[in-house]
Amino acid sequence: MASSVKSVLITGCSAGGIGAALAEAFLGKGYHVFATVRNPSKISETLSTSEHATILMLDVLSPESINAAVENVKKETNGKLDVLVNNSGGGFVAPALDASIEEGKKLFDLNFWAPLAMLQAFAPLLVNSKGCVVNNSSANAFLPMPLMSIYNSSKAALAVGSETWRHELQPLGVRTITLSTCAVSTRFFNEYHAPELPETSYYYGIRDFIRHISSGSLQDKAISAEQYAKKVVLEVEKGTSGIVWAGTDAFMAHLGVALSPRPVLDMIVQSVVPLSTEMAKAERNKRV
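The opening position of the sequence shown corresponds to residue 1 in full-length UniProt numbering, with each subsequent residue numbered one higher.
It is possible that some hints are incorrect.
Stated by the list, open to error - Taking CB as the label site, the calculated pair distances span: (1) 252 - 283: 30 to 38 Å; (2) 201 - 4: 57 to 65 Å; (3) 252 - 75: 41 to 49 Å; (4) 201 - 262: 22 to 30 Å.
Stated by the list, open to error - Cross-link-like lysine-lysine pairs, in silico, DSSO-like; alpha carbons within 27 Å at most: (5) 221 - 281; (6) 42 - 230; (7) 130 - 230; (8) 105 - 42; (9) 80 - 6; (10) 230 - 29; (11) 29 - 231; (12) 130 - 238; (13) 80 - 29; (14) 6 - 42; (15) 6 - 75.
No wet-lab data here; the hints were simulated from the structure.
By construction, the Cβ of each residue, glycine as well, lies at the ideal position given by its N, Cα and C atoms.
Using the sequences plus the hints, can you model the full thing?
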């Protein structure tokens, strides 16, 4: 790899996802891409055949795996990394009263602690290049969508952490971008299965609605991962730092969060996930 070529490492690059789209967008801008996946069989043909992409096996929950990735990148880049994209993450759809706290802790490990572990491990390479770290949070960090409190909270932790790290990394010459990601069309929900509700759940009457939400219905009419990736790479390239809203209706979502009084914001949330309406409907059906 030529020393003048910029480099980027992206976590979670399975085909059909945001990571893969970001990898291809960075390739298009001339970067050498370190595309990481837990399972190499899930890498896209475009990435696996590109001479400017290095495929690395990486489990972001494993310190040993992270350290091995650092050593691999060091060897190819002479100890530098221009961009680190913490993209790996998971979802969780369940009412809080029925959520497994054990599973919730695992999600926090993936959505919050893993990005911090990656940042700590790659910090020397980023400092050496005066680079940029990109943390993929979610609009749900600011919009409290019902049935997703564990996911929302893990992404809120990442968003606040990322913005705090921005202040800490700035004196070291490292930029930080916190992505507030709105809906993006991906294959994520193809493999996601929400936990089944027990018959004793207060929400058992709307279990079909919850299954519908967990099937990825909120991604209907969402922008493509490729469109999203182009926006993100543009922000990296032009030197942006701080919170960046990207994805479907990102501008309106940002505006709603920034300017709307709480009752209006609640109406927006309920329009996206109409939990109260569905609960009332289920109660009426019980009486019939």
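For each hint, the structure was consulted:
no.	hint	verdict
1	252 - 283: 30 to 38 Å	holds, 32 Å
2	201 - 4: 57 to 65 Å	holds, 58 Å
3	252 - 75: 41 to 49 Å	holds, 45 Å
4	201 - 262: 22 to 30 Å	holds, 28 Å
5	221 - 281	holds, 26 Å
6	42 - 230	holds, 22 Å
7	130 - 230	holds, 22 Å
8	105 - 42	holds, 26 Å
9	80 - 6	holds, 9 Å
10	230 - 29	holds, 10 Å
11	29 - 231	holds, 13 Å
12	130 - 238	holds, 14 Å
13	80 - 29	holds, 18 Å
14	6 - 42	holds, 25 Å
15	6 - 75	holds, 15 Å
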